[in-house]
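> Protein chains in written order, with my numbering: chain C, 57 to 191; chain D, 57 to 191; chain G, 57 to 191; chain F, 57 to 191.
Please note that the accuracy of each hint is not assured.
In the DSSO-like style, the derived pairs of lysine-lysine whose C-alpha atoms are separated by at most 30 Å in a straight line are [claimed, not checked]:
(1) C:LYS160 x D:LYS142
(2) F:LYS160 x G:LYS142
(3) G:LYS142 x G:LYS160
(4) F:LYS160 x G:LYS160
(5) G:LYS142 x F:LYS142
(6) F:LYS142 x F:LYS160
(7) D:LYS160 x C:LYS160
Source of the hints: derived by calculation from the structure; they are not laboratory data.
Number of protein chains: 4
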Amino acid sequence: MSYVHEMLETHPRLSPVDVEALADCIKACYDCVQSCTACADACLGESDVHGLIRCIRLHLDCADICQATGQMLSRRTEAEWGLLQKQLEVCLLACRVCGAECEKHAPHHEHCQVCAQACHRCEATCHELLGEPVL
Amino acid sequence: MSYVHEMLETHPRLSPVDVEALADCIKACYDCVQSCTACADACLGESDVHGLIRCIRLHLDCADICQATGQMLSRRTEAEWGLLQKQLEVCLLACRVCGAECEKHAPHHEHCQVCAQACHRCEATCHELLGEPVL
Amino acid sequence: MSYVHEMLETHPRLSPVDVEALADCIKACYDCVQSCTACADACLGESDVHGLIRCIRLHLDCADICQATGQMLSRRTEAEWGLLQKQLEVCLLACRVCGAECEKHAPHHEHCQVCAQACHRCEATCHELLGEPVL
Amino acid sequence: MSYVHEMLETHPRLSPVDVEALADCIKACYDCVQSCTACADACLGESDVHGLIRCIRLHLDCADICQATGQMLSRRTEAEWGLLQKQLEVCLLACRVCGAECEKHAPHHEHCQVCAQACHRCEATCHELLGEPVL
Numbered sequence: 057m058s059y060v061h062e063m064l065e066t067h068p069r070l071s072p073v074d075v076e077a078l079a080d081c082i083k084a085c086y087d088c089v090q091s092c093t094a095c096a097d098a099c100l101g102e103s104d105v106h107g108l109i110r111c112i113r114l115h116l117d118c119a120d121i122c123q124a125t126g127q128m129l130s131r132r133t134e135a136e137w138g139l140l141q142k143q144l145e146v147c148l149l150a151c152r153v154c155g156a157e158c159e160k161h162a163p164h165h166e167h168c169q170v171c172a173q174a175c176h177r178c179e180a181t182c183h184e185l186l187g188e189p190v191l
Numbered sequence: 057m058s059y060v061h062e063m064l065e066t067h068p069r070l071s072p073v074d075v076e077a078l079a080d081c082i083k084a085c086y087d088c089v090q091s092c093t094a095c096a097d098a099c100l101g102e103s104d105v106h107g108l109i110r111c112i113r114l115h116l117d118c119a120d121i122c123q124a125t126g127q128m129l130s131r132r133t134e135a136e137w138g139l140l141q142k143q144l145e146v147c148l149l150a151c152r153v154c155g156a157e158c159e160k161h162a163p164h165h166e167h168c169q170v171c172a173q174a175c176h177r178c179e180a181t182c183h184e185l186l187g188e189p190v191l
Numbered sequence: 057m058s059y060v061h062e063m064l065e066t067h068p069r070l071s072p073v074d075v076e077a078l079a080d081c082i083k084a085c086y087d088c089v090q091s092c093t094a095c096a097d098a099c100l101g102e103s104d105v106h107g108l109i110r111c112i113r114l115h116l117d118c119a120d121i122c123q124a125t126g127q128m129l130s131r132r133t134e135a136e137w138g139l140l141q142k143q144l145e146v147c148l149l150a151c152r153v154c155g156a157e158c159e160k161h162a163p164h165h166e167h168c169q170v171c172a173q174a175c176h177r178c179e180a181t182c183h184e185l186l187g188e189p190v191l
Numbered sequence: 057m058s059y060v061h062e063m064l065e066t067h068p069r070l071s072p073v074d075v076e077a078l079a080d081c082i083k084a085c086y087d088c089v090q091s092c093t094a095c096a097d098a099c100l101g102e103s104d105v106h107g108l109i110r111c112i113r114l115h116l117d118c119a120d121i122c123q124a125t126g127q128m129l130s131r132r133t134e135a136e137w138g139l140l141q142k143q144l145e146v147c148l149l150a151c152r153v154c155g156a157e158c159e160k161h162a163p164h165h166e167h168c169q170v171c172a173q174a175c176h177r178c179e180a181t182c183h184e185l186l187g188e189p190v191l
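Just chain C, same shape as in the assembly (with noise of 0.2 Å):
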């Protein structure tokens, strides 16, 4: 069981929200807060640089939001559903932005594929939690 779920299951106040769900979801965030700063750097190591200067800036931003998200879904007490709603919905916008202009990059670059695939799976992860009749 990864630190996570452990974080989760040992909360004092115990919420209605699907564990799985919301772990899944912290996890993908935090995953693609390093995966952008990893790709927005490895963007910058490249010859081509010129050609991926959008692509580092929606990476520095996609991190900034990913990591707002992970950590305010990492805390559960006195949670406010409104504001965490509007931070998932801005979360899962900056993702899927960055991952289809890291898709344009995927053949070239194989960061830009791994980094892809990070921002998809959190972006699908938010949309399952905004599913949650209360998170």
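Fit chains D, G and F to the known structure of chain C by using the hints.
Then chains D, G and F, alone, in the frame of chain C:
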């Protein structure tokens, strides 16, 4: 002139956005990060911390969201208006919710009074920036 | 293979560092960010929050430091070894101090037990990476 | 009076530290986060981005480190002096290295000139705070 203004005015890619409104919002975001971080800590140091749990939780979320907003607005290269717009919306909501909670404790805790002002200011500048035709 | 590994192995600028040790440390840093954020929140939700103030404070600091370390280690382009070294040292110290505080509360709070493990793991991986001839 | 000052002066746990020096350092840290984030982006938008790769990389690291420092210094409850000291040291080094790199590009890029000032200012305030008997 502040660093924020100077950085905006020396950027290689000038945009049609109102620099004054943008600089105000960037500064308000980082001010709110600092105030919320300091107020969460001040609440934690109060003898009546039990009554401030929701306040602390909201401060931590608000700081994370304002941090992402400040970072994103500080970037002017290849900006994605739709994403910035959604980020401003969640930021505005976080400041509104957190500011309202702060107000409740303002009569007893001066730091909550100060932090409420920082939240309201950030909310107002996000609102103004959302009215810009192009960010 | 994890995203962290894949991102390291597809980076355009390969370095002489031990990829395994680096990936372990990056993962341990983000795990520690998540655990510390979740444990600060869990402590905040406990009825005996008064006895957990120092624990919460240290978690917040430790999360911030591990976050910076994870980001820095995820970047491989134009790395500055002297700076990374100093960052690993402060990260190792933060994890040691926070982990020790967590241990004190572990008998009463399972989340502190889990979080202490994440801190110890991060401390160990930072220590191992500091032994690398070139990062 | 700034929010930073007001938050320090309304904190429930007053400390023997020089509030003026502390407020200066906190403000300089967040200014440096903003300047480095904006300068990394401005460099990314330059036509000679190839010559600015190391500059961008260092800005991203410096922003992450200054962010952690600003957050930690904003907290006054149960402060751990040894940890703050080590954080100030790594922050001072990051600002020195990043500021020096910025200086190299200042003759050609005004934003690097402005950012170098923010880095130097942050380095100086960290240095001053390290001289405090108790933080």
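> Going through the numbered hints above, which ones does this structure break? Give me the numbers in ascending order.
4 and 7
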